[in-house]
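Please work from the sequences and hints to get the whole structure.
Protein chains: 2
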Amino acid sequence: MLPRTYENQVCSVARALEAIGDRWTMLVIRDAFLGVRRFDDFQRDLGIARNVLTDRLNRLVEEGILEKRAYQERPERFEYRLTEKGADLWPVLVSLMKWGDRHALADAGQPTLIVHRDCGGEVNERFRCERCGADVDAHSSAAMPGPAAPRRWPTAAL
Amino acid sequence: MLPRTYENQVCSVARALEAIGDRWTMLVIRDAFLGVRRFDDFQRDLGIARNVLTDRLNRLVEEGILEKRAYQERPERFEYRLTEKGADLWPVLVSLMKWGDRHALADAGQPTLIVHRDCGGEVNERFRCERCGADVDAHSSAAMPGPAAPRRWPTAAL
Numbered sequence: 622m623l624p625r626t627y628e629n630q631v632c633s634v635a636r637a638l639e640a641i642g643d644r645w646t647m648l649v650i651r652d653a654f655l656g657v658r659r660f661d662d663f664q665r666d667l668g669i670a671r672n673v674l675t676d677r678l679n680r681l682v683e684e685g686i687l688e689k690r691a692y693q694e695r696p697e698r699f700e701y702r703l704t705e706k707g708a709d710l711w712p713v714l715v716s717l718m719k720w721g722d723r724h725a726l727a728d729a730g731q732p733t734l735i736v737h738r739d740c741g742g743e744v745n746e747r748f749r750c751e752r753c754g755a756d757v758d759a760h761s762s763a764a765m766p767g768p769a770a771p772r773r774w775p776t777a778a779l
Numbered sequence: 622m623l624p625r626t627y628e629n630q631v632c633s634v635a636r637a638l639e640a641i642g643d644r645w646t647m648l649v650i651r652d653a654f655l656g657v658r659r660f661d662d663f664q665r666d667l668g669i670a671r672n673v674l675t676d677r678l679n680r681l682v683e684e685g686i687l688e689k690r691a692y693q694e695r696p697e698r699f700e701y702r703l704t705e706k707g708a709d710l711w712p713v714l715v716s717l718m719k720w721g722d723r724h725a726l727a728d729a730g731q732p733t734l735i736v737h738r739d740c741g742g743e744v745n746e747r748f749r750c751e752r753c754g755a756d757v758d759a760h761s762s763a764a765m766p767g768p769a770a771p772r773r774w775p776t777a778a779l
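So the protein sequences, as listed, match chains A and B. If you read the first sequence in this note's numbering, its first letter stands for residue 622, the second for the next number, and so on. If you read the second sequence in this note's numbering, its first letter stands for residue 622, the second for the next number, and so on.
Any given hint could turn out to be false.
Stated by the list, open to error - Straight-line distance between alpha carbons at most 25 Å, and here's what the computed SDA-like set of lysine to any residue pairs gives:
hint	chain 1	residue 1	chain 2	residue 2
1	B	706	A	751
2	A	706	A	674
3	B	706	A	645
4	B	706	A	734
5	A	689	B	729
6	B	706	A	747
7	A	706	B	770
8	A	706	B	767
9	B	706	A	729
10	B	706	A	730
11	B	706	A	749
12	B	706	A	770
13	A	706	B	730
14	A	706	B	743
15	A	706	A	736
16	B	689	A	723
17	A	706	B	729
18	B	706	A	726
In case anyone wonders, no lab produced these hints; they're calculated from the structure. Computed from a predicted model, the values in this text were never measured in an experiment.
The following block contains the structure:
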């Protein structure tokens, strides 16, 4: 059993992992960055059990990483969007992706590229545009299918 | 139950999380960056069950993130050090720490600072030295106690 908190750890890494340190949680956040917003779309893309997805989404709303908004009234339907706190996880996701590109999928090539919206240049592991040198963040970047993108990139839901 | 692999996920984030997507694993890696090398020191710092720590260390050695080296012959004793693949996780750790500093420990202040070895400047969330502007990486940086460091920073073992 993994404890929910690390009481004796005065550490920002430990605190961050309390909020997001679960693999499904990180994949939910990844999907949110790719534009997934609705329960059924998360569910279809991740192939995750509905009760587990409900738990992870509720937890992310409680943590202030996602916000739940009604997009339809009868019947009431909700979507989930990244808050600013959630959008601030962009460097964590990009760093994980770059490490995975280099070390876990080295031979297969990159499934996803992060590009600078203004000029289309690729964003490197220092969050800088390789073409124009600008500092890029969550708002000035977009994810694009890379050379090794699967047929259903990033998700059939989009 | 969390599956070990996400077979239908052609994604570097998913692949990276297979290797390191467990909270204890990330804290073991954090300790390795802080200079912890020996089983008993990891154990004391993390307060983790010995069998869980053995499992996580073995898995990190299998993944090529840590390497196990004998440092004593009779009795034989081992230490664990980050490989280059492991050192490449530095941006993931720093990004998690910066997010935790901002969003999880905002009022308490920073327990740990990352500084540029050459000039002592603080390293920002773009891995750049705030003092001299240099690009910093795992090898050219060091972790230092921050304004909110606990008394036993980073660990009693060091």
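Against which earlier hints does the structure fall short, listed by number upward?
-> 5
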